[in-house]
Amino acid sequence: MVCAAGAGNLLLNIGPKGDGSLPEPAVALLDAVGDWLVVNGTSIYGTTRSPWLAHAYGVMTCTPSRLYLHCFSWPADGEIRLGFLASRATGGRLLAGGEPVDISQRDDVLTVRGLPDGAPDELDTVIEIDLDRGPDALPGSFVFWAGEARY
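In this text, residue positions in the sequence shown follow our numbering: the first is 1, and each later residue adds one.
By construction, these hints were calculated from the structure, which means they are not laboratory data.
What you are looking at is a predicted structure, and each value in this text was computed from that prediction instead of being measured.
Accuracy of the hints is not assured; some may be wrong.
[To be verified] Simulated restraints, written as ranges between beta carbons of each label pair:
(1) Gly134 - Arg113: 19 to 27 Å
(2) Val27 - Ser65: 32 to 40 Å
(3) Asp132 - Ala32: 31 to 39 Å
Just so it is clear, CB atoms sit at the ideal spot from N, CA and C, and this is done for glycine as well.
Make a model of the complete structure from these sequences and hints.
Here is the structure:
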């Protein structure tokens, strides 16, 4: 997720044992990543990095009409705020399961509400945001915005 958000490549440091088999911890990890990708793969495959480096709870990927908020930590107040958004948000949902979330936008600040009390996925819950056009940051804006501070 961080790799895709930063336009990087992921190399797996998994080596076979002497008999050619993979160590069981490596197999378990690959299975877990594969299971996550089955549910959340659209937030990775065919996406690019977003105009923002990160948000207060994780990182982002995007397509020409969507922004994917990858949440590694969950907001205690049940809200995520993203500033400097020149695009207009038109809807949003949890990617896994499709449960809608409340989206509001005032000027350049997008607020996501209606989140579950706890993160549905403890490692990376993805919120899919529909946009009226490509995810554009305001010109000259700093790429990291956490809460109410304006850089």
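Verification of the hints:
1. Gly134 - Arg113: 19 to 27 Å: holds, 24 Å
2. Val27 - Ser65: 32 to 40 Å: holds, 37 Å
3. Asp132 - Ala32: 31 to 39 Å: Holds - the Cβ-Cβ distance for Asp132 and Ala32, about 35 Å, lies within 31 to 39 Å.
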